[in-house]
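Chemist: All chains, please: the whole structure from these sequences, using the hints.
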Amino acid sequence: MWGEKRTERMAAEMADNGGRADAGGADIARIARQFIEAIPFSQALGMRLDEIGDGVAVISMPYDAALVGDPRTGVIHGGAVSALMDTCGGAAVMCHPEALAATATIDIRIDYMRPARAGERITARATCYHVTRSVAFVRAEAWDEDETRPVAAATGAFTVQRETPQGGTP
Amino acid sequence: MTRRPPEPVHLIRHRRDRALSALVEGVPYIGFMGIGFDRRGDELTAVLTYDDKLIGNPLLPAIHGGVTASFLEVSAIMELSFQMLWDEIESGRLDVEALRPETLPRLPKTIDFTVDYLRSGLPRDAYARARVNRSGRRYASVHVEAWQDNRHRLFAQATGHFLMPLRDGTAE
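Protein chains in written order, with my numbering: chain A, 1 to 170; chain B, 1 to 172.
Among the clues, some could well be false.
[Said to hold, decoys possible] Heads up, simulated SDA-like pairs for lysine to any residue below, C-alpha to C-alpha not over 20 angstroms straight-line:
| # | chain 1 | residue 1 | chain 2 | residue 2 |
| --- | --- | --- | --- | --- |
| 1 | B | Lys-53 | A | Phe-35 |
| 2 | B | Lys-109 | A | Phe-35 |
| 3 | B | Lys-53 | A | Glu-141 |
| 4 | B | Lys-109 | A | Ala-38 |
| 5 | B | Lys-53 | A | Pro-71 |
| 6 | B | Lys-53 | A | Ala-118 |
| 7 | B | Lys-109 | B | Val-24 |
| 8 | B | Lys-53 | A | Ala-38 |
[To be verified] Using C-beta positions, here's what the derived DEER-type ranges look like:
| # | chain 1 | residue 1 | chain 2 | residue 2 | range |
| --- | --- | --- | --- | --- | --- |
| 9 | A | Ala-153 | B | Leu-154 | 20 to 28 angstroms |
| 10 | B | Arg-18 | A | Gly-25 | 26 to 34 angstroms |
| 11 | A | Gly-74 | B | Ala-98 | 17 to 25 angstroms |
| 12 | B | Glu-7 | A | Arg-48 | 52 to 60 angstroms |
[As the list claims (entries may be wrong)] Which residues of chain A face chain B? A partial, calculated answer using Cβ under 10 angstroms:
| # | residue |
| --- | --- |
| 13 | Gly-25 |
| 14 | Pro-40 |
| 15 | Leu-49 |
| 16 | Glu-51 |
| 17 | Gly-53 |
| 18 | Val-56 |
| 19 | Pro-62 |
| 20 | Val-68 |
| 21 | Gly-69 |
| 22 | Ile-76 |
| 23 | Gly-78 |
| 24 | Ala-80 |
| 25 | Gly-89 |
| 26 | Asp-107 |
| 27 | Arg-109 |
| 28 | Ile-110 |
Since the hints were made in silico from the structure, they are not lab data. Yeah, the Cβ is synthetic: ideal placement off N, Cα and C, and Gly gets one too.
Modeler: This is the structure:
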């Protein structure tokens with residue numbers, strides 16, 4: 001979940017950077033990266049930001065015995081996969097050229113298609129495919145090292161908090 | 001007319017607590033998250049003890065949406081599992097002393113899980129209770145509510161569907 005204060009902080013960062021609401025894609029991605037890499041829970045899960053830009057984010061998480069949900073099979077708990085999907089979805093919104101600034105999850109649905117194999121890294125890829133004045137829509141998928149069969153899929157709605165509520169962007 | 005005397009209360013309590021702790025301790029992720037369970041009869045309340053590592057937004061600060069999702073999912077699975085085993089715990093058919101992570105009955109598997117974020121999670125303890133709305137032989141539907149300071153001010157809720165394990169010992 002993402003917070004509101006980020007708007008001001010990002011605005012300040014952008015001002016430092018000589019940028020504005022229409023800062024270049026590279027700046028948006030750089031700032032989004034700084035925020036994502038500073039999230040304590042994402043760090044606790046060992047998440048790594050692999051790609052970010054233009055409304056698409058790829059984040060991965062190493063296998064860790066502490067995250068196991070089924071002791072018999074060593075499969076990672078669905079909750080840890082949800083955390084990866086949520087983080088990745090938020091990152092996709094933050095780096096969308098129109099969304100900008102802060103975002104918070106409104107809702108997310110995760111479908112667990114198969115158990116992730118024990119010992120393998122899990123990678124999520126989220127796309128922010130539509131943005132309205134106040135809502136960003138996201139789709140995401142996750143894989144273990146077999147990239148042909150997703151382990152989970154997600155759809156979510158996120159808030160969009162624009163820098164200036166009465167601003168020019170419709 | 002003869003009746004069997006009621007079982008001593010400490011035996012009943014021990015069997016229920018032992019079964020619950022075996023279920024909880026068998027799942028490493030529950031320990032990683034710092035989730036515990038309060039039990040009153042067959043009613044479970046999941047308790048998420050606040051820790052700085054659970055933060056998702058250090059500026060607010062607020063707990064991570066993934067923490068909330070995990071907490072709700074853990075609560076739902078535990079409620080469903082405890083309910084699934086309740087009759088065996090009560091009758092004594094389940095040998096609670098022999099329960100180890102390796103010998104634990106198979107747990108329900110999540111099919112899908114939808115989380116509704118109602119307000120931001122504050123940096124303090126959180127509580128959750130789950131309700132099994134439908135539990136068939138194969139599928140179950142569970143609703144979970146989570147709150148922090150005020151029971152009637154939910155900060156998140158979720159609905160999940162679960163695949164129930166086959167209980168005749170054959171693998172799912």
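Chemist: Against each hint, give a clear statement of whether it holds in the structure.
Modeler: Going through the hints against the structure:
no.	hint	in the structure
1	B:Lys-53 to A:Phe-35	holds (15 angstroms)
2	B:Lys-109 to A:Phe-35	violated (33 angstroms)
3	B:Lys-53 to A:Glu-141	violated (25 angstroms)
4	B:Lys-109 to A:Ala-38	violated (32 angstroms)
5	B:Lys-53 to A:Pro-71	violated (23 angstroms)
6	B:Lys-53 to A:Ala-118	violated (24 angstroms)
7	B:Lys-109 to B:Val-24	holds (16 angstroms)
8	B:Lys-53 to A:Ala-38	holds (11 angstroms)
9	A:Ala-153 to B:Leu-154: 20 to 28 angstroms	holds (26 angstroms)
10	B:Arg-18 to A:Gly-25: 26 to 34 angstroms	violated (57 angstroms)
11	A:Gly-74 to B:Ala-98: 17 to 25 angstroms	holds (22 angstroms)
12	B:Glu-7 to A:Arg-48: 52 to 60 angstroms	holds (54 angstroms)
13	Gly-25	violated (23 angstroms)
14	Pro-40	holds (4 angstroms)
15	Leu-49	violated (15 angstroms)
16	Glu-51	violated (19 angstroms)
17	Gly-53	violated (22 angstroms)
18	Val-56	violated (19 angstroms)
19	Pro-62	violated (14 angstroms)
20	Val-68	holds (4 angstroms)
21	Gly-69	holds (5 angstroms)
22	Ile-76	holds (8 angstroms)
23	Gly-78	holds (5 angstroms)
24	Ala-80	holds (6 angstroms)
25	Gly-89	holds (9 angstroms)
26	Asp-107	holds (5 angstroms)
27	Arg-109	holds (4 angstroms)
28	Ile-110	holds (5 angstroms)
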